[in-house]
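In order, the protein sequences belong to chains A and B. No gaps in the numbering here: position 644 of the first sequence is 644 in the working numbering, and each next residue is one more. No gaps in the numbering here: position 236 of the second sequence is 236 in the working numbering, and each next residue is one more.
Honestly, the hints are just simulated from the structure, not real lab data. Remember, predicted model here, so these are calculated numbers, not experimental data. Hints are not guaranteed to be accurate.
Said to hold, decoys possible - Covered by chain A, per the in silico footprint, the following chain B stretches (three or more residues, Cβ under 8 Å):
#1 52-64
#2 223-232
Stated by the list, open to error - Selected chain B positions facing chain A (Cβ under 8 Å, derived; list incomplete):
#3 39
#4 104
#5 195
#6 214
#7 218
#8 289
Ideal Cβ placement from N, Cα and C applies to all residues, glycine included.
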Amino acid sequence: MSERKVPLAIAVVVGCLPLAGHPVHAQVHLGTIPVGAERPRSSNSAPAGPASDDAPFVTVIDATDPGTRATSVAELVEGQAGVRVRSRGGLGAFTSLSIRGADSGQVAVYLDGVPLNRALGSAVDLAQLPVEGLERVEIYRGVPPIELGADAIGGAIHLISRRGARRRGASWRAAVGGGSFGARSASLGYSRTDPGVTVDLSAAYHGARGDFRYYDNQGTLLDSSDDFFSRRRNAGFDQVALDATVQGTGRWRWNLGSHGFFKRQGVPGPGTAGAESRTARLDTGRLVLEGGVALPPNRQGLDARVDAHVLVERVGFDNLGEERVGTYSPSRTEGQTVAFGLEPRIDAPMGSHQLLSVYGELRVERYQANDLLNPPPARPVSLRTRVAIAVVDEVRFFDDRLAFAPALRFDGIDSQLADGVGVRGPQATGSSRTEVFLSPRLGARWRALEGRGWLSGLWIKGNVGRFVRLPSLIELFGDNAFILPRPSLRPEVAVGGDVGVGLTLGSRRTQRGLGGMLEAAYFGRRVADTIVLLPSGRALSARNIGASTVLGAELRAEVHWGRAVMFALDYTLLDTRNRTTEPGVTGKQLPGRARHELSARLHLAWGPMAGFYEATFLDRVFRDPQNFNMIPSRWLHAAGITIGPFPHWPLTLGVEVRNLFDLRVVDLPLGGSANAGRTTPYPLVDFFDYPLPGRAIYATLSLRR
Amino acid sequence: MRIVYLVGLLLLVGCDRPDPGQNPDSGGVTGFALVTTASFTSSPPSGALGTVRLNDRQVTRAIDTTLDADNGVRCAGGRCYVLDRTRGTVRIYDPAAEFRGAVEIRTGDVTYPAAQSNPHDVLPIPGTSKLYTVLYNNRAAQALGVIDSTQSSSGVTRFITLPQATYDSDGRPEANNLYLCEGLVYVTLEYLDSANFFPPTGPGRIVVVDPARDEVVGEIPLVGENPVSLEAVGSDCRRILVANAAQQFGGATGQGGLEMVDLGQRRSLSVVALDTTLGGHPNSLTVISSTLGYAVLNLEDFTSKVVAFQPTTGALLGDVAGPAGYIPFVGRTPSGSEVYVGVNSGDPQEGQLAPGLYIGRADGSRIATTPIDLGQSPSALSFY
Chain A
1 MSERKVPLAI AVVVGCLPLA GHPVHAQVHL GTIPVGAERP RSSNSAPAGP
51 ASDDAPFVTV IDATDPGTRA TSVAELVEGQ AGVRVRSRGG LGAFTSLSIR
101 GADSGQVAVY LDGVPLNRAL GSAVDLAQLP VEGLERVEIY RGVPPIELGA
151 DAIGGAIHLI SRRGARRRGA SWRAAVGGGS FGARSASLGY SRTDPGVTVD
201 LSAAYHGARG DFRYYDNQGT LLDSSDDFFS RRRNAGFDQV ALDATVQGTG
251 RWRWNLGSHG FFKRQGVPGP GTAGAESRTA RLDTGRLVLE GGVALPPNRQ
301 GLDARVDAHV LVERVGFDNL GEERVGTYSP SRTEGQTVAF GLEPRIDAPM
351 GSHQLLSVYG ELRVERYQAN DLLNPPPARP VSLRTRVAIA VVDEVRFFDD
401 RLAFAPALRF DGIDSQLADG VGVRGPQATG SSRTEVFLSP RLGARWRALE
451 GRGWLSGLWI KGNVGRFVRL PSLIELFGDN AFILPRPSLR PEVAVGGDVG
501 VGLTLGSRRT QRGLGGMLEA AYFGRRVADT IVLLPSGRAL SARNIGASTV
551 LGAELRAEVH WGRAVMFALD YTLLDTRNRT TEPGVTGKQL PGRARHELSA
601 RLHLAWGPMA GFYEATFLDR VFRDPQNFNM IPSRWLHAAG ITIGPFPHWP
651 LTLGVEVRNL FDLRVVDLPL GGSANAGRTT PYPLVDFFDY PLPGRAIYAT
701 LSLRR
Chain B
1 MRIVYLVGLL LLVGCDRPDP GQNPDSGGVT GFALVTTASF TSSPPSGALG
51 TVRLNDRQVT RAIDTTLDAD NGVRCAGGRC YVLDRTRGTV RIYDPAAEFR
101 GAVEIRTGDV TYPAAQSNPH DVLPIPGTSK LYTVLYNNRA AQALGVIDST
151 QSSSGVTRFI TLPQATYDSD GRPEANNLYL CEGLVYVTLE YLDSANFFPP
201 TGPGRIVVVD PARDEVVGEI PLVGENPVSL EAVGSDCRRI LVANAAQQFG
251 GATGQGGLEM VDLGQRRSLS VVALDTTLGG HPNSLTVISS TLGYAVLNLE
301 DFTSKVVAFQ PTTGALLGDV AGPAGYIPFV GRTPSGSEVY VGVNSGDPQE
351 GQLAPGLYIG RADGSRIATT PIDLGQSPSA LSFY
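Could you put the whole structure together from the sequences, leaning on the hints where they help?
In structure tokens:
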């Protein structure tokens, strides 16, 4: 009885009402980097992933499937319930992620606990996250673990690195591939698991010309007589990724990881004849070093560990080779980020049904921009320092069937723009501001059924939390060019939650006989003080323009008959509403969000052969907050087969076709009373006027030993 | 004697109104304000056409919502012309047909793509099917494009070379405004440094083009820098006031202001008000009479406001509207009785005007009405 009073007392002390957290068995996800040795493991050496009946709504994707043709995390997460991936082109092009209708900048992305969202600008390019070194991807669609930041308004993606071989000993893996539009890839990996230590090494190359043909209306929306199919130029890329992890699994548990990435890509711009840049290029280099150590197991069951990371990133842009008539400002710029993080953590059992966790965080991020053509006398430096502490008190009742996890996170953040801003444009030299905020959360889960006959599991769970996304450094301090500083900008504040039910049928884990799962969730979120860039004079400045609300539902279903037949369905219903002060938008649907999104996948396997067919439906999407203009709904199809591996011959050949029916042109309704009933052919796009490729074929040959 | 009067009357009629956003000859359909709007939070940024009936302010929104956010508009000769500066097109609308069946023409050709041209203004040449369009991003040899409005698929049929200043090394004169007076076309050149975030490189210029020959026939050097708009003072189209915005990033430095120009003499008469006197960078302006004009001032803190001033002396008469985040235009109705102010962005929580169209009496008094909602933020204005 006394054990049950403790969490209530803590809740009162910390002033939390809605708190978020996780059931005790899900503590493995509360950690960040720790990915740690001390945590429960799956069959391989990586920490166990979250289970479907953990409090957070999470989708876990196995990134090690050799049949998967995926160059990046973007392709891996596409089609999942609640997830919308938007690309600016073909392979390698900038790709962002929206979860449950959130802005891409509101989705937190972590690699082994290291935040990849930059203080400079918060959206992460998923195309810059290769998969070869990954064990799995966890998509937290609603309220993520409190370690994954206070600013995860739109959920979080956690990338978990490989941590050694699945069985004791060594294993090798290699793959080569190629396909449409000059796509090519090669990768090599080595994993080893020995008593007390695991090692994993991965190296991967991906590239493509990206020269697909697309429908070009030459900018004349009202006149289709001059339209033609044009070939995309300067859309190629080459990227290399090197990942290495080592971890000690003995009495002292430790882990070290190194993740290097370099990418050179063309920056073609929108797909209109003459508007494309032919030589502009973007170089991105990133190195993440991370590690952690935990105290040996002790009699009290106290688990204490500390993790740290260093991230160095350089982004360079160059368009000097451009031969253009207009809209061209020669530019050669670079931006350098150095980030450091330290995260101590203590998990203290308070009896057998309660776990108190205290998590701390210190993060310092330094960004320096430079104009290499016109170097300013002193280069501007911006700095963001974050100190956070979080408390999660997890308590279980009724033989652990019912669990509550109130949590409270405190963040103190200081943002500075030091002296030395360049010589032109608006300046915010010496600006700084400090702010603190609380992020209370609450998670609850009830396992109603466990392992009883064919209905092998039934759970109900819910979460609620408060989130705060700080303005990015550019939004706050400008870019010394066309974006003006606005140090008075308020953070985006969101309150969101979800509730859902799930059940498992038969043995889903072993996939024997008839089985499956069903998960349904209802969610909502209100974001206040939404930040957007708006014109101000002949420049832009960030503004808080009001609120938005999102209500929605998700359905995930999977039915299988052994390993021979599997059918999966992911459906998302979104009702997004604009509550901003911009004229004519109140009550309108948020742009870029589809009301209905559905993905269905049929997988068949027979001996060493397997095949799949996938259909994805995206409802119409409004392009503007006024809902004047829309992109019509679309179906996209994909199919593929794999052959292998064979006994004594561990080769697998996979062939996959994307955009099977070569959809490249849609009938775009023209908005406005003067255009009533008119449509015009328009290229298939996600973002702005960036065309997407038509049918693309890829083949991969992979080897595992 | 009657013939002299008749010739005089014809000369007056032949003088086009100055500002591209103002009402030239309206081709028989009168009584509406055509307002283009913009939404910069769209993907891609987009705009729309809306109208306001002048006599009762009845609003028609979303007539065509497929415009570019970076747009411009001019109504003349019974047609309305809307520019798409991002993709490089001009759309020709017939207001009498309720804007249905618009024609769209590219402002480029095979060699000089429309998508890079950035058309800033368009002017129909009376008595012909020719349109002149100034192409802001193009080099001097392609800075003025000629379009045949009867051949929509041809794009620009020929380019007219505009003079480049020796002090502007980027090769682009940044041609911005077109103005018709007594059969000649006047083009303002800004001479900005496009390679370095567009600061002025020296004084602006007005170039005189003979549309009958499609040739440059004269130049008028300006004193001020970065001429962004111009407007006739009184009924004589030859006497104009030019708004020189100078370097708009930062405070006024005395390089800009309001400059009186005599097109007949082809010379600048005087700088009637320096930007330092005005307290900001003048942009859009409109002249009601010889004693009252309005100008949008872009201020050092990157807000905008509208002031009333005395056109011949430049004396400030007071603030009329603002502050706001961005005010793209101020314009007067054809009768001169009302003034229209477009507020594109503004945050009321910071004491700024909310976005919308503000209408007030053209008597120099403060405009204190609630804004008209056009569905998006106002971007450009013309009357027909």
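Broken hints, by number: When the structure is compared with the hints, numbers 2, 6, 7 and 8 turn out to be violated.
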